[in-house]
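Throw the hints in and build the complete structure from the sequences for me.
Order-wise, the sequence lines are chains A and B.
Going by the numbering used here, the letters in the first sequence line up with residues 17 to 429, in that order.
Going by the numbering used here, the letters in the second sequence line up with residues 17 to 429, in that order.
Simulated from the structure, these hints should not be mistaken for lab results.
Please note that the accuracy of each hint is not assured.
[What the hints assert, rightly or not] Simulated crosslink set (BS3-like; lysine-lysine; CA at most 30 Å straight-line):
(1) A:Lys232 to A:Lys146
(2) B:Lys21 to B:Lys146
(3) A:Lys232 to A:Lys160
(4) B:Lys160 to A:Lys232
(5) A:Lys232 to B:Lys232
(6) A:Lys160 to B:Lys221
(7) B:Lys160 to B:Lys146
(8) A:Lys221 to B:Lys146
(9) A:Lys221 to A:Lys160
(10) A:Lys160 to B:Lys232
(11) B:Lys160 to B:Lys221
(12) A:Lys221 to B:Lys160
(13) B:Lys232 to A:Lys221
(14) B:Lys232 to B:Lys221
(15) A:Lys232 to B:Lys221
[Stated by the list, open to error] To give a feel for the contact side, a few chain A residues facing chain B, derived at Cβ under 8 Å:
(16) Ala130
(17) Val131
(18) Lys211
(19) Ala224
(20) Gln227
(21) Leu231
(22) Thr340
(23) Pro365
Just so you know, even glycine gets a beta-carbon here, dropped at the ideal spot from N, CA and C.
There are 2 protein chains.
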Amino acid sequence: MDIDKANRTAVERMTSARPMLTGIARARDVIPGLHDDLLLHAGPPIAWERASGPLRGAVIGALLFEGRARSEAEAVALVERGEVRLEPCHHHAAVGPMAGVISSSMRVYVVEDAVHGHRTFSNLNEGYGKVLRYGAFSDEVLAKLRWMNDVLASVLAEALALAGGIDLRALLAEALHMGDEGHNRNKAGSLLFLKLLAPHIAHGKSGADAQSEVLKFLGDNPLSVLNPVMAACKAMADATHGVEGSTIVSTMARNGTDFGIRVSGLGDRWFTAPAQVPDGLYFPGFTAADANPDIGDSTITETAGIGAFAMAAAPAIVTFIGGTPQDAVHATLEMYEITAAEHSQFTIPALGFRGTPVGIDLRKVVELGITPRVNTGIAHRQAGVGQVGAGLVRPPMEIFEAALVAFAERYLE
Amino acid sequence: MDIDKANRTAVERMTSARPMLTGIARARDVIPGLHDDLLLHAGPPIAWERASGPLRGAVIGALLFEGRARSEAEAVALVERGEVRLEPCHHHAAVGPMAGVISSSMRVYVVEDAVHGHRTFSNLNEGYGKVLRYGAFSDEVLAKLRWMNDVLASVLAEALALAGGIDLRALLAEALHMGDEGHNRNKAGSLLFLKLLAPHIAHGKSGADAQSEVLKFLGDNPLSVLNPVMAACKAMADATHGVEGSTIVSTMARNGTDFGIRVSGLGDRWFTAPAQVPDGLYFPGFTAADANPDIGDSTITETAGIGAFAMAAAPAIVTFIGGTPQDAVHATLEMYEITAAEHSQFTIPALGFRGTPVGIDLRKVVELGITPRVNTGIAHRQAGVGQVGAGLVRPPMEIFEAALVAFAERYLE
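In structure tokens form, the structure reads like this:
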């Protein structure tokens with residue numbers, strides 16, 4: 017069996033994928049298998065009893081938002097009675113940052129890989145501050161979600177239709193030349209997103225006030241493009257998944273309790289272990305004692321060869337997540353050790369336009385004892401509080417070891 | 017006499033300047049001394065007989081644009097008969113890229129230094145392609161200038177008024193963290209400019225078509241913000257000018273024939289010598305034989321501590337001007353040798369957030385034999401053709417030597 021050959025195929029599928037942002041739709045109309053009694057969440061599967069504070073908060077918020085519950089207690093009771101179930105976004109071709117909760121009436125981005133045909137989805141980004149994805153569910157949070165669903169989504173949908181879609185791979189490639197790494201720093205990408213949409217927003221039918229609000233919201237939120245980028249990376253990762261005999265990691269995701277991975281040649285099985293608390297910079301008034309363990313599907317960016325893997329492209333990010341610009345370069349250099357290829361589309365000017373490290377090879381992770389690096393936001397451990405910082409984290413080594421054992425059992429015996 | 021102390025004062029005035037983009041106006045209404053029989057141009061003073069092809073082309077184009085001439089021959093005759101005169105932008109608190117021609121009815125950006133009170137001006141950027149500033153004057157060029165004067169300027173003026181002005185120093189500081197160097201690469205800065213204006217453009221009274229066209233023009237032109245940035249740098253340079261006993265260079269500018277500098281402690285005297293042809297990358301079909309010598313006021317960016325001085329912030333620029341990302345780092349490191357300070361506002365992430373080299377000290381240039389580096393576009397030597405490439409150039413050493421002699425004569429005898 018030629019694992020290297022399988023891995024070349026898997027990585028070639030990832031780097032040749034060309035995810036296009038084609039539109040915006042109501043989640044239950046487009047996400048396969050989603051219905052009104054189901055909430056999607058970030059990371060591997062988890063039972064409510066083991067769910068962390070921020071995930072619980074986001075579930076409560078989503079049920080309030082959907083009008084299924086009128087109070088926190090009612091929302092919790094709905095889930096405890098099993099009337100509303102929880103399943104991973106990843107089981108439904110979707111991804112969501114942090115808690116990653118997507119409910120049936122939320123508007124989502126629709127991304128289509130023009131090469132391999134996968135359709136993927138992500139919710140709309142709420143910006144910084146008190147937001148559902150960090151587990152906050154106050155009236156203010158819900159009011160913003162309603163504005164996003166009504167005004168923002170309508171204006172974006174209209175503009176995207178007029179634009180005829182957006183090539184997210186091209187956008188990302190350019191953003192990496194403008195100091196982004198595509199995960200925690202999407203300043204340039206969000207401005208490129210704004211630039212592509214703005215002329216079409218002006219031609220929309222929503223009126224000057226709505227257009228102005230949306231232009232301001234998109235421009236002021238340096239994470240505007242994170243969610244479409246995540247859906248793009250999910251499409252790339254889905255393209256790499258399912259290659260017989262490949263040890264390339266095709267999913268990394270966390271639910272706030274467990275960190276889970278899936279592997280191209282090992283089907284839909286998750287390998288999970290307890291998630292770690294990130295190392296990072298905390299907002300004033302917060303410390304590591306407030307931090308929830310690592311959470312979110314945004315590790316799909318590192319899975320696809322950007323994020324922490326492209327840190328050398330984004331030296332200014334250290335003001336947000338800690339460390340020095342030299343550390344950022346070293347982060348990327350280290351990731352070349354555990355990856356199968358250098359990206360043909362995503363390049364890093366400061367490294368002489370070397371391609372980003374792409375395609376995490378399970379074998380190299382275990383052999384070298386080097387786990388993937390991940391850039392991440394840090395959520396407060398209690399429901400309802402929100403973001404407390406940002407930093408770096410690594411998945412637990414044991415999930416890679418377990419996956420390699422499973423690979424040996426599946427293929428080598 | 018304490019030259020070092022004078023230089024500290026001069027540089028402190030430059031780095032503490034806070035240029036705000038406050039509005040747009042008709043040139044003759046705001047630029048001191050401008051009238052209908054006067055055209056402003058880039059660089060030190062020059063007689064028509066010695067003017068280069070691109071400067072002649074831009075003068076011809078401006079006279080056609082103003083309706084003063086109906087043909088190239090008529091325009092040339094007007095200047096030859098002395099009915100229209102030429103003076104440097106720099107003599108009128110203005111700057112213009114490349115040929116830098118500003119005529120009385122053109123709309124210009126108005127910049128005001130909130131700290132020292134200087135008002136400065138620059139014309140609107142035309143984008144790439146066949147443009148007046150590179151000496152092209154076809155009907156297409158004139159039609160675009162008319163659209164800019166009528167539609168673009170109106171929409172921008174309205175949006176700037178609603179925005180209450182734009183802090184250009186803050187914009188530049190952010191752009192340097194996003195891969196710009198502020199002279200030949202203004203991709204991020206132009207998107208930040210778009211982001212700040214877009215919500216106000218949507219609230220303007222010009223109608224959806226005009227708004228959409230302007231949003232597209234601003235977003236598609238990675239030099240949109242160059243001209244306001246140049247006016248901002250001019251304001252910073254004007255703040256540094258006129259400090260008794262200072263050897264800090266307060267102007268560097270080229271007219272396509274001569275390169276000229278002025279010095280803080282030496283009044284309004286220019287020191288000039290023939291400009292060089294830049295080293296760089298040529299567009300397909302062109303070579304160095306097509307190139308005009310260095311032209312434009314855009315060296316005001318290097319004078320103010322950005323542009324080639326901040327190359328280490330912009331490794332991706334080498335795809336446009338040639339060289340390697342390592343050369344870009346070395347360019348900045350070399351400029352620390354001939355400058356008086358590190359900028360307190362403009363920092364370079366890749367150099368551990370070190371301030372950009374700022375305040376060119378005449379003494380160091382001559383002592384070390386290191387002339388300032390300049391990033392630049394390259395114009396075709398014939399009128400009417402346009403841009404043929406982009407690259408790097410240095411001013412002739414003899415102008416620094418002549419200035420140092422003059423400094424000695426003025427102060428040390």
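Which numbered conditions among the earlier hints are violated in the structure presented, ordered from lowest to highest?
Of the numbered hints, 2, 8, 16 and 17 do not hold.
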